[in-house]
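A.B. asks: This is what each chain is made of:
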Amino acid sequence: ETGVTQSPTHLIKTRGQQVTLRCSSQSGHNTVSWYQQALGQGPQFIFQYYREEENGRGNFPPRFSGLQFPNYSSELNVNALELDDSALYLCASSSWPRANYGYTFGSGTRLTVV
Amino acid sequence: SQQGEEDPQALSIQEGENATMNCSYKTSINNLQWYRQNSGRGLVHLILIRSNEREKHSGRLRVTLDTSKKSSSLLITASRAADTASYFCATDEGNTPLVFGKGTRLSVIA
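Chains as they are written, first to last, in the numbering used here: chain A, 1 to 114; chain B, 1 to 110.
In short, the hints are calculated from the structure, not lab data. Worth double-checking, as some hints may not be accurate.
[To be verified] Facing chain A, according to a computed beta carbon distance under 8 Å, are these residues of chain B, among others: (1) GLY42; (2) LEU48; (3) ALA81.
[To be verified] Below, simulated SDA-like cross-link-like pairs (lysine to any residue); rule was C-alpha separation at most 20 Å, straight line: (4) B/LYS56 - B/THR67; (5) A/LYS13 - A/TYR101; (6) B/LYS102 - A/GLN41; (7) B/LYS102 - A/PHE47; (8) B/LYS26 - B/ALA81; (9) B/LYS102 - A/ARG110; (10) B/LYS26 - A/GLY58; (11) B/LYS102 - A/GLN44; (12) B/LYS102 - A/LYS13.
Positions of the beta carbon are idealized from the N, C-alpha and C atoms, including for glycine.
Excised from the complex, chain B in its bound form (with noise of 0.2 Å):
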């Protein structure tokens, strides 16, 4: 079963424009991690944040935590087509298996 759901589904931007994703999950949570996926190819790990944080930047990645609203945002700025990928928020609630979202798929049009 799915526990976090990604909004929206899909999105398609321009180059330079930032791109803003949206988790939302339903049990509390150790931790959530946003992925990349390339072309239905392995999953790269972008960025954790734990429960007690409320904002953590990586690079050109903002994450967001709101543990009340149970819900996460990913921010990319300044997209790149590089960026085009499948997005996907998976829950860690504490040495249990990360339990996955169905993703978002972001295009970025040069």
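Okay, chain A solo, but in the shape it has when bound (with noise of 0.2 Å):
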């Protein structure tokens, strides 16, 4: 398996609660970078992971917090949830520094906030 795999696929969470969303890197990429989707509009960057440090924040809240391991996955904490969260949130995996080339995106996580 050579590709990114994120988990779980859907979640439904009431509103105040905290969710944690898992990311498995692609094999030889050493940075993880997480995007927020809602409906209709694209991906928002919410912060980039590298060598277990983040490296790069979008205009995100700090109830929005991840995780690197040394095996380069990791994780999308996100605290007090909100309705807004509802969203679906990406997981792409590059290297660092980055030559020319694209992302290797997951499937992505479908969060519903009710």
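Two independent chains are provided; combine them into the complex using the hints.
C.D. replies: Dropping the structure here:
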């Protein structure tokens, strides 16, 4: 398996709860980026992890946090869920420093907050 | 925030016709990439064009880049029903996160 795997594929949570999404990076890649995609919109950058440290962050509040592990897999944690957090969460792996090639995306986790 | 803006937002064509989508962006870039997304699933990388390239081909795909106008176009020739998807452009400013546009929804009618 050389692709990016995300789990779970679907998730329903209640407002105020916490959620953890998981992502395994493609073999040979050392960087993981997380994106949030609301319905009908393009993906919005949340943050990126390289060598287990956050290496760039988009316009998301601190209740969005992450981890990267020594095997380059990653988690996205969201605390105090809000209804607007309902979206498709995409993980993408790449290498840093990045040459001229594209990201490899996982199939995403569909999060519904009720 | 969005960097690239695709045009049109939606496109409906008959099978066999060509589909053209455009992307405009705001800053200097290292490269520009096009992705496809089927039914709200993951994005699939289609093609990358570097800032010093003007045109690139991959199978039925043709991408052009005009850095003076900060714009790119994606042409899909001889479209098929399986090409029905959303298409996104993404800009790479060089070791910064990819920034995506809002996408073009393409429907190819058999």
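A.B. asks: Under the criterion that the straight-line Cα-Cα distance not exceed 20 Å, is the pair B/LYS56, B/THR67 satisfied?
C.D. replies: Holds, at roughly 14 Å.
A.B. asks: Per the CB criterion, is B/ALA81 less than 8 Å away from chain A?
C.D. replies: violated, 21 Å
A.B. asks: Taken at face value, is the distance from the CA of A/GLN44 to the CA of B/LYS102 at most 20 Å?
C.D. replies: holds, 10 Å
A.B. asks: With 8 Å as the cut and Cβ atoms as the points, is B/LEU48 at the interface with chain A?
C.D. replies: holds, 5 Å
A.B. asks: For the pair supplied as a hint, B/LYS102 and A/LYS13, is the alpha-carbon distance within the 20 Å limit?
C.D. replies: Outside the cut-off at roughly 26 Å; violated.
A.B. asks: Does B/ALA81 lie within 20 Å of B/LYS26 when you go C-alpha to C-alpha?
C.D. replies: At roughly 33 Å apart (the allowed maximum being 20 Å), B/ALA81 and B/LYS26 break the hint.
A.B. asks: Against the 20 Å threshold, does the CA-CA distance of B/LYS102 and A/PHE47 hold or violate the hint?
C.D. replies: holds, 19 Å
A.B. asks: For the pair we were handed, A/LYS13 and A/TYR101, check the Cα-Cα distance against 20 Å.
C.D. replies: violated, 36 Å
A.B. asks: Given a cut of 8 Å on the nearest C-beta pair, is the interface hint for B/GLY42 held or broken against chain A?
C.D. replies: The hint holds - B/GLY42 has a Cβ within 8 Å of chain A, the shortest such distance being about 4 Å.
A.B. asks: Under the criterion that the straight-line Cα-Cα distance not exceed 20 Å, is the pair B/LYS26, A/GLY58 satisfied?
C.D. replies: holds, 18 Å
A.B. asks: Tell me if the straight-line CA distance from B/LYS102 to A/GLN41 falls inside 20 Å.
C.D. replies: holds, 5 Å
A.B. asks: Assess, step by step, whether the Cα of B/LYS102 is no farther than 20 Å from the Cα of A/ARG110, and give holds or violated.
C.D. replies: Since the Cα atoms of B/LYS102 and A/ARG110 sit roughly 18 Å apart, the hinted pair holds (cutoff 20 Å).
Violated hints, listed in ascending order, are 3, 5, 8 and 12; each of the other numbered hints is respected by the structure.
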